[in-house]
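Under this note's numbering, the first residue of the sequence shown carries the number 1, and numbering increases by one thereafter.
Don't read these hints as lab results, they were simulated from the structure.
In this text, a Cβ means the ideal position worked out from N, Cα and C, and glycines have one as well.
It is possible that part of the hints are untrue.
[Stated by the list, open to error] Ranges between beta-carbon positions, derived for each pair: (1) 148 to 16: 44 to 54 Å; (2) 162 to 140: 51 to 61 Å; (3) 108 to 171: 27 to 37 Å; (4) 117 to 147: 17 to 27 Å; (5) 158 to 192: 25 to 35 Å; (6) 150 to 129: 14 to 24 Å.
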Amino acid sequence: MLTGIYRATMGMRAGLAVQDVIANNLANVSTAGYKRRIPVYEDIAAAALQGEAPPRTPPAPVRPAELIIRDGVAEVTLSATGVAAPTDRSQGEARYTGQKMDLCIQGPGFFVLEGPGGQRIYTRSGHFYRGPDGDLTSLQGFRVLDDRERPINVDGGEITVTEEGDVAVDGQIRGRLLIADLVPGEGMQPVEGGFISQRPPVPASGYVVRQGYLETSNVNPVQEMVAMISCMRAYEAAQRAISAADAALGKAVNEVGRLS
1 MLTGIYRATM GMRAGLAVQD VIANNLANVS TAGYKRRIPV YEDIAAAALQ
51 GEAPPRTPPA PVRPAELIIR DGVAEVTLSA TGVAAPTDRS QGEARYTGQK
101 MDLCIQGPGF FVLEGPGGQR IYTRSGHFYR GPDGDLTSLQ GFRVLDDRER
151 PINVDGGEIT VTEEGDVAVD GQIRGRLLIA DLVPGEGMQP VEGGFISQRP
201 PVPASGYVVR QGYLETSNVN PVQEMVAMIS CMRAYEAAQR AISAADAALG
251 KAVNEVGRLS
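Start from the sequences, fold in the hints, and give me the full structure.
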């Protein structure tokens, strides 16, 4: 009975972590270039009970709703002790804005920004503006870098950007956007304004830069709400399991050894 309580508690803790991930996805439905995170349960309780070492890496990404519906609450949710949240890197839609400094990457790759202390930040959000010093800048105040890893100064007149990423002001080339790709995996970590990577980026290819467009978030709000409801039901099932186990344990403690 204690084992059942422990496993249900683990499932409830994991459910709270999943809810946090889903809530963050829903909060960024309208954020340009946002990539949803996919909650993935790590089923290590059963392995621990059998004396096996817990897995060091999470299983392949699975949508939370599919995970719960396909495998059932008892099999997955009640025995989950950890939640990983890999990034869904699928392409969002290109939404026309008409703004000259709104840029959208169609295909693989990330814009590269100069973050605090020179740290490189990788983002799919091309919602840029002309900073106080004339440099092309993100909404977070990070400067956009060219293929020589230098800021791109766009002070002056009309800005045009080619599909290859060449940035020009009044017809004069100011630099080519640095478009880098990241190796999927644990090296990608979300931060304000995009991602940082513990692994070196690789050159991106097969992309097109579109001026006057923004990539929308790839979050499907209906899918996220379904996943949240499934997670809440699993959480409630774990609560009922704890209540049942607690009642059985109390009965055993109070009645063991009692003579009828």
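Now for the hints, and whether the structure bears them out:
1. 148 to 16: 44 to 54 Å: Distance hint for residue 148, residue 16 holds at roughly 46 Å.
2. 162 to 140: 51 to 61 Å: 25 Å, violated
3. 108 to 171: 27 to 37 Å: 29 Å, holds
4. 117 to 147: 17 to 27 Å: Between residue 117 and residue 147, where Cβ atoms are some 22 Å apart, the hint holds.
5. 158 to 192: 25 to 35 Å: For residue 192 against residue 158, whose Cβ atoms are near 31 Å apart, the range 25 to 35 Å holds.
6. 150 to 129: 14 to 24 Å: For residue 129 against residue 150, whose Cβ atoms are near 18 Å apart, the range 14 to 24 Å holds.
Of the numbered hints listed earlier, the single one contradicted by the structure is hint 2.
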